[in-house]
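First residue of the sequence shown? That's 5 in the numbering used here, and the numbers climb one at a time after it.
Where hints are given, some of them may not hold.
Unchecked claim - In silico EDC-like cross-links for lysine to aspartate or glutamate, where the CA-CA straight-line distance does not exceed 20 Å: (1) K13 / E42; (2) K71 / E59; (3) K28 / E45; (4) K13 / D25; (5) K11 / E59; (6) K39 / D7; (7) K13 / E45; (8) K11 / E29; (9) K11 / E42.
What the hints contain is simulated information worked out from the structure, not anything from laboratory work.
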Amino acid sequence: MRDRIEKWKQMEVTNDPGASDYLKEITAQAQAEDKLQEMDEVLRWLMCSAETRLEKVEKSLVAYRRKSSSL
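Using the sequences and the hints given, assemble the complete structure.
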């Protein structure tokens with residue numbers, strides 16, 4: 005399971021369009037094997053990734069507003 009999670013992370017990092025489907029497969033496997041605690045790592049990684057992306061968007065917006073106001 006850990007190898008599959010690491011593969012999924014790499015797929016996410018490279019914006020692989022199959023990452024979502026692969027995550028669904030991992031989740032189904034975890035449910036079937038009653039290993040949902042292992043999915044905690046996936047959830048933590050997703051939250052951190054989303055937070056990082058949001059911070060980048062916020063910084064871009066601030067920079068855009070500064071540039072726009074100086075024109």
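Tested hints:
In summary, the hint linking K13 to E42 is supported, as the alpha carbons are separated by about 14 Å, within the 20 Å threshold. Between K71 and E59 the CA atoms are separated by roughly 18 Å; this keeps the pair inside 20 Å, and the hint holds. Simply put, K28 and E45 have alpha-carbon atoms about 15 Å apart, close enough for the 20 Å limit, and the pair holds. For the suggested pair K13 and D25, the alpha carbons sit about 13 Å apart, so the restraint of at most 20 Å is met.
Proposed proximity of K11 and E59 is contradicted: the alpha carbons are some 25 Å apart, above 20 Å. At most 20 Å may separate the alpha-carbon atoms for a hinted pair to count; K39 and D7 meet this at roughly 14 Å. Distance restraint check for K13 and E45: the Cα-Cα separation of roughly 10 Å lies within the 20 Å cut-off, and the hinted pair is therefore satisfied. Distance restraint check for K11 and E29: the Cα-Cα separation of roughly 12 Å lies within the 20 Å cut-off, and the hinted pair is therefore satisfied.
This hinted pair checks out: K11 and E42 have alpha carbons roughly 15 Å apart, not beyond 20 Å.
Hint check: a violation occurs at hint 5 only; the rest are consistent with the structure.
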